[in-house]
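S.K.: As a plain string of letters, each chain reads:
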Amino acid sequence: MLVKLAWQSLMHRRGSVLLAILSVSVSLFVLFGVEQIRSHAKDSFNRTVSGVDLIVGARTGPINLLLYSVFRMGSPSANISWQTYQRVADEPAVAWSIPISLGDSHKGYRVVGTSQDFFEHFRFGKGRPLELAQGTAFDDTLDVVLGAEVARKLGYDLGDSVVLAHGLGSTSFHNHDDRPFKVTGILQPTGTPTDQALYISLQGMEAVHDRHWDGSALEPQTITAFMLGLNSPVKTFQLQRQINTARGEPLLAILPGVALSQLWQMLRVVENILLLVAALVVLASLLGLCIMLLTSIRERRREIALLRTIGAGPLQLFLLIQIEALLVLVLGACVALSVLSIGLWIAEPLLAAHYGVYLEGSIVSEQSMQLFGIIAAATFVVTLIPAIGVYRESLKRGLEA
Amino acid sequence: MNAPAVELGEEAVALERLRYSYERGACVLDIPQWSIPKGSHLFLRGPSGSGKTTLLNLLAGMLVAPEARLEVLGQSMSALGSRRRDRFRAQHIGVVFQQFNLIPYLSVLDNLRLAAHFTGNTRDLERRASELLAELRLGQDLLQRKAAKLSVGQQQRVAIARALINRPNMLLVDEPTSALDPEARDAFAELLLQNFASSDNTLIFVSHDTTLAAHFSQRADMRELNRAWREEGSYAG
Numbered sequence: 001m002l003v004k005l006a007w008q009s010l011m012h013r014r015g016s017v018l019l020a021i022l023s024v025s026v027s028l029f030v031l032f033g034v035e036q037i038r039s040h041a042k043d044s045f046n047r048t049v050s051g052v053d054l055i056v057g058a059r060t061g062p063i064n065l066l067l068y069s070v071f072r073m074g075s076p077s078a079n080i081s082w083q084t085y086q087r088v089a090d091e092p093a094v095a096w097s098i099p100i101s102l103g104d105s106h107k108g109y110r111v112v113g114t115s116q117d118f119f120e121h122f123r124f125g126k127g128r129p130l131e132l133a134q135g136t137a138f139d140d141t142l143d144v145v146l147g148a149e150v151a152r153k154l155g156y157d158l159g160d161s162v163v164l165a166h167g168l169g170s171t172s173f174h175n176h177d178d179r180p181f182k183v184t185g186i187l188q189p190t191g192t193p194t195d196q197a198l199y200i201s202l203q204g205m206e207a208v209h210d211r212h213w214d215g216s217a218l219e220p221q222t223i224t225a226f227m228l229g230l231n232s233p234v235k236t237f238q239l240q241r242q243i244n245t246a247r248g249e250p251l252l253a254i255l256p257g258v259a260l261s262q263l264w265q266m267l268r269v270v271e272n273i274l275l276l277v278a279a280l281v282v283l284a285s286l287l288g289l290c291i292m293l294l295t296s297i298r299e300r301r302r303e304i305a306l307l308r309t310i311g312a313g314p315l316q317l318f319l320l321i322q323i324e325a326l327l328v329l330v331l332g333a334c335v336a337l338s339v340l341s342i343g344l345w346i347a348e349p350l351l352a353a354h355y356g357v358y359l360e361g362s363i364v365s366e367q368s369m370q371l372f373g374i375i376a377a378a379t380f381v382v383t384l385i386p387a388i389g390v391y392r393e394s395l396k397r398g399l400e401a
Numbered sequence: 402m403n404a405p406a407v408e409l410g411e412e413a414v415a416l417e418r419l420r421y422s423y424e425r426g427a428c429v430l431d432i433p434q435w436s437i438p439k440g441s442h443l444f445l446r447g448p449s450g451s452g453k454t455t456l457l458n459l460l461a462g463m464l465v466a467p468e469a470r471l472e473v474l475g476q477s478m479s480a481l482g483s484r485r486r487d488r489f490r491a492q493h494i495g496v497v498f499q500q501f502n503l504i505p506y507l508s509v510l511d512n513l514r515l516a517a518h519f520t521g522n523t524r525d526l527e528r529r530a531s532e533l534l535a536e537l538r539l540g541q542d543l544l545q546r547k548a549a550k551l552s553v554g555q556q557q558r559v560a561i562a563r564a565l566i567n568r569p570n571m572l573l574v575d576e577p578t579s580a581l582d583p584e585a586r587d588a589f590a591e592l593l594l595q596n597f598a599s600s601d602n603t604l605i606f607v608s609h610d611t612t613l614a615a616h617f618s619q620r621a622d623m624r625e626l627n628r629a630w631r632e633e634g635s636y637a638g
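Line by line, the protein sequences give chains D and H. Sequential numbering of the first sequence, starting at 1, is according to this note's numbering. Sequential numbering of the second sequence, starting at 402, is according to this note's numbering.
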């Protein structure tokens, strides 16, 4: 009955209540949105690479190496000679290696020169291997395998021919027009940056850059980085130290897990600031709700006196105000969550294409429920101001003639 | 339902040394001794400022005068805690005001249901509600109508229904007719008495309109009862 009374009372004051709901929903939208992007960004972050023991590149910062080798962001500082790669890959502790050669692009998507080992050994998520949705891995020098996103966005099919551009960016002045590649395979979507690249062989990479290529097999001169899988994880640190301190070409070996968490630590500051701002926005809207209730109580003095007369105790009036606040909160949350779902549905492809952030899973996660619990508690605390006001008022005042 | 059963004494109201002053204010009510026999239909005359509203608040248990002996329907009001007092009021005392007797945005039925809700007894409420409406000569179609949509006369009659829905033993009525036109006033008083007349039921009808006094078996005047009353009194009652 109290809930019904609270509901009818809110309906009666539709104008100001709608505004309060709107303000609550906007603030919750911001908070849930930030939380959503935060948790998914972290997820998709951590699932980009798995099963790789070491990533090796020219000496640079570990995060930079991670960014360009795994996330295909930023630029490599220097290349590694093929000989150096061969030497490390031949170490007895190494089970497999994936060479990576970067530098070209196709319509804004990066081109990765690599070997068959990439398809065989690269893992993402919780150790999931790459799978081809169609076709086969590259075989010939001018074969290309497309990431799922690339194929979908550019509408490529098996057998289509693709012209690569030198450098990055979707418009390039230097196209390798004379050496078109043929699509031989398309990867299954992975929800990682792997979807946003084109994969060709190292030979293909050499071929497009060699003006005098005659179709013969080429030996790569340099590569950008490589990933290593070891026979035994115990050897990881030993090999890492060995690579990092080796004489000759300066190299850097990193543990992907460690570098990922370092990177995440850096982003954490941003993440926390966003969360703080969102929390303050929510607090502001709850205070707005509190003001709305306080003014409503002034307008409803006679209503409250009447409720007292027919036997409502101060506690019940206290609860009535709390229920009203909670109803506004719940309605606001419903609006916020539905708008957010629609918004994410629209924004998801954009985020994936431009930032490599994949939003998956439902909005109603355990975390967002937890967050809602905290907000409900905060609402209760803020509403204490008007609710206690009513409580005390009702003890002092009697019937009004 | 959990409130203590009230032992109904011979007197509906018995009070001694009832003094009351609001916070930091002068004494607005001072009645050395007074009693109302059970079953009385009392017309209490009192202009504004005579302390009548304060007296009604004390009788209804909305305000408490701790030093006084005040028994309503045999129950000492100062002996009850505030929650028990609220429950006692809900179960045994009906109140009708000059205006604003109903929550405007609730339907008539919901207003009645709300009143019953605070006693904890909502059993066959709809039957009781439609019976009361019939007795008060109101159409059944009013049940679903919003209180704000009723005419003033209808509202006051529904107010009686609301006050009677819990079958109280005492009815406190404060200037219920001042919003009505003269013909409607007598009809209202008649209706009230018809529906509440019983040897157990005590009615206290407060008004400054002495033309209604003829309907009642007993009369009293606040100005004689209340020793704190002065003609040029600077307080509000």
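If you're looking for bench data, these hints aren't it; they were derived computationally from the structure. Every residue, glycine too, gets a C-beta built ideally from N, C-alpha and C. Check each hint, because a few of them may be wrong.
[Said to hold, decoys possible] Calculated cross-link-like contacts (lysine-lysine; reagent style PhoX-like; alpha-carbon spacing at most 25 Å): (1) D:Lys153 x D:Lys182; (2) D:Lys4 x H:Lys439; (3) D:Lys4 x D:Lys107; (4) D:Lys4 x D:Lys42; (5) H:Lys547 x D:Lys4; (6) D:Lys4 x D:Lys126.
[Stated by the list, open to error] Pairwise CB distance ranges (calculated): (7) D:Leu2 x H:Gly426: 53 to 59 Å; (8) D:Val381 x H:Arg528: 30 to 36 Å; (9) H:His609 x D:Arg301: 21 to 27 Å; (10) H:His609 x D:Val330: 33 to 39 Å.
S.K.: In ascending order, which of the hints set out earlier in this document are inconsistent with the structure?
M.R.: Of the numbered hints, 2, 3, 4, 6, 7, 8 and 10 do not hold.
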